[in-house]
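Spelled out from the first residue to the last, the chains are:
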Amino acid sequence: MHPSSFEYFAPARMEEALSLLSKHSGEAKIMAGGQSLIPLLKLRIASFPYVVDISRIEGMDQIKEERGFLEIGALTKISELEDSNIIKDKYQILHEAATQIADPLVRNRGTVGGNISHADPSNDIPAVVIAMKAKLEVIGRKEKRTLNADSFITDSFSTALEEGEILSKILIPIPDTRSGGCYIKQKKSAGDFSIAAIAVQMTLGDDYKVRSAGIGLTSVAPKPTRAVKAEQYIEGKRVDNSVAKEISKIVVSESDPSTDFYGTAEFKKKILGRIAEDAINLSYERAMVK
Amino acid sequence: MNMSTVRWEDSDLAYDSSNFVRGKGHFVDDIKLQGMLFMTVLRSPYARARILSLKGGMNSQDLGAKMASVGEGADPGAGISIEPVFATGFVNYVGEPVAAVFAEDRYKSTDLLESVEVDYEPLKPVVTMDDALAFGPIHEGMKNNILVEATKGDDFSDPKSPIVLEDTLENERVSTNPIEPRGIVASYADGILNVWISTQSVHSIKEGLVESLNLNPDNVRVMQADTGGAFGSKGGLYPEYVMASYASMKYRKPVKWIETRREHLTSTNPGRGVRSRVKIFAERSGKITGMKGDVLIDAGAYGSGIASFSAQFVAMMMTGPYSIEKAFVTGRSLLTNKVPQGPYRGAGRPEASFFIERMVDLLADEVNKDPADVRLLNTSDKPFNSPLGMKIDAARPFFESAIKELEYRKEAKMTKGVGVSFFVLVPAVYPGESARIMVRDGRIRVWLGGNSHGQGHEDFVKKLVNEELNVPGDLVTLYRGDTGMTKVGVGSWGSRSAIVAGAAVVSVCRKLKKDVEDDNGTYSYELLLAGSYDEFINEEKRMTLNSFGANLASVEVGKFGTVRVKKCLAYYDVGRALNKEMVIGQIQGGMAQGIGQTLHEGLFYNEDGQLITSSISDAGVPLAEDLPNFGVKIAENRSALPHGAKGVGESPTIGVPTALIRAIEKASGLRLRKTPVTAEDLMQ
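Going line by line, the protein sequences match chains L and D.
Using the numbering used here, read the first sequence as starting at 1 and increasing by one per residue.
Using the numbering used here, read the second sequence as starting at 291 and increasing by one per residue.
Bound conformation, chain L alone:
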């Protein structure tokens, strides 16, 4: 409950935030919703001399479709994602992930950008943006750049963000017709992190064969993982039970879970196999009717 002392800034503008980060380079931590950072601070697992709270910067909480992309501002609250009609109607995968994050209290404060940037291998949004082949826009003092979702997180709690950079928006390509996806999360109890979770998004051709697919995994490797081989295997196929089973095997082979409080590595693989099969079947079903 009692962090070591730090200096707290709450800039109202992006330029101000960037200049604070630059001024206190190496000693400042960005805080958005604070739902991961504050517990670390209060238990003194982490401490920083400066905390830059970016949550008051305006114009970073948009959810809109524009120029072929669904654009989500990094400061969009998880609860806003959960309540958005666009997301509910057209992006079930995101809606399902959002509604299963922690509890309503956390979702009311936690942000989409924070969920990604914290790079916890058990956070849910990264696998979804990987499966949706999103692009992440990052702002630094000098330049703006765009990264692919699957290369943004480099390791447990590590990202490709350079010192002084802030994740500003998530750009998700608007899915074609005959697209569908889902997020399946298996957890011990309500509000908990997952034992394993999977995000699947696919688009079918006129022949109902899978034209493209994205698969992201949560909690089963040191970082959120893209199941590339499984994606390749499914492309060009119609999904039936035996295909779904085969894909689930490939997904499991691409995972690298560790034994920890949530269970043994073998158990997590077993869970992953079963939810992968369900997720492939469900996504295909959804894509067929869209």
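The set of hints was computed from the structure by calculation and includes no laboratory data.
C-beta: ideal position from N, C-alpha, C; glycine also.
One or more of the hints may lead you astray.
Keeping only pairs whose Cα atoms sit at most 30 Å apart, straight-line, the calculated DSSO-like set for lysine-lysine is [stated by the list, open to error]: (1) K42/L - K543/D; (2) K753/D - K703/D; (3) K187/L - K856/D.
Covered stretches of chain L, going by a simulated chain D footprint (3 or more residues, C-beta under 8 Å) [what the hints assert, rightly or not]: (4) 179-189; (5) 260-269.
With the hints as your guide, set chain D onto chain L.
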């Protein structure tokens, strides 16, 4: 507030459960005194290490005291294995207090932890009970890691039985996790040490402080603050209480310490942590003819908790409510490099019941009979003295009606995953309890030797005072525990308060009635309230009471190994229910805890003795989604006491895990031997 003259008139010392739902509770952390220091404790990061050097803070060089063993299941004779207040020479569990620091607020006192310099030489820890048996003693001067060894019953050579079944059964350690962690404010002024504390027993705390710090009992007063749950963990003394009291005397300033949840997990005595090899001998009919047991208790690093007592207590209850003619059980408490074991709701009763009930289910499967029938077959319609030392009332009539009341036969036909359990709760009656009633200004004020920590004792107090003295309940106030107001007293644990505190209240009321009659030649409550009276009694009780109980549970097991509890029913003999709503509320809360223990709760350590259960969420406290609608029925067979009460508080944590694990066993088709039952155990 002038600390030396805290008066009973101070309205914030009254106990009123409705405060808790009105946000008006007055907890330890609400107490703020002039000049108060906040204490933070530096704890061992190692399960076992030699302290090579130690500098800074308050530490064993300032206070070399040892912990007194007081409260529920206390063992003053634990010798070498008694915990020091501050680690001395060695640390023996992760979270063991090494030093304390003090500052005007918590942030600053936490910062001060860095001012303490400790050099450790890590040693290989003894983490599991198997390690404890295999390796040398964790404490110098002991021969091995056996803290205590007890036997119950007479040994016998294995009879030639048609059926011999053997199994190893275990309950993982469980953190008590009351919603309010532990806490204390100690204030020394004018030669008096005043202590406000979150506790089940002000008298145990006083006795412990007096003994540990060698104080004059007349100069110590312990007062209970509102206590937000305890479940066994707040009945005895802890090192932090001694440190805070000592510091308040040394610095001549009030000292506050409030436990964090993390500290609660590492350093508050958890319950369970018990394993047993059990062997039963039986006839083809399912009649059990003999039992042998080898019980192991994970005592943790020191004998200051309940572990010494547990060895013989668990062993004694191993035949449950059944009439088993031959039984022999050994109990051994084993020292390990973990936080000492303490009582947790049931404190040995649920463990013993788990062992016998799991064996009865195994036997039922072996003889291909309904488990309820095998249970009934082994109960008697006459009182029975067990070979292990239990006095059991005629059990069969109760259990026959339990099967009907729980509609077990119907459920067993409809549902695959169903379990039923029988048990006998023997409440901790001995040595009795005290009560004091003061009549002044037209009001009745009551103090009990043991105090409520969430049960709502004021309801039975008002009811009994009303019955005995005709005084309307709204003129009766129960005060929180206060050693300044009761000379002696025991505490609230072991399902005892309604029994022994209730009996003491009845006796004091009868004294008062006599006082009024002596003064006036007749009694009326108006005469009582017009007068001024003050009576105290320390009512000794040593009778054995039985509260029988049965539970039914039904479940479904999903494809990910998740358990959905569909039904959880109870049928308990509570004696005369002094307040039915409170009784049902207690049962429901306990059933939630029984489900928690069975499905989720555990404290898990890695091979270095580090606790990997890192939050209240990890510790598996049950959530609303885990719980079905409970069905509670009570039988009211009066006890021999004047007010007819029996025990109830611990019944659900005894009866629910055993019924529930059987239901899961039936639903999954897997033999289950351990709580918690995890999804991993069940996923096939």
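Hint check:
1. K42/L - K543/D: holds (27 Å)
2. K753/D - K703/D: Not OK: K753/D and K703/D at ~43 Å, beyond 30 Å, violated.
3. K187/L - K856/D: holds (20 Å)
4. 179-189: It holds, with 3 qualifying residues against the three required.
5. 260-269: This one holds; 5 residues, not fewer than the three required, reach chain D with a Cβ under 8 Å.
Consistency note: the structure conflicts with earlier hint 2 alone.
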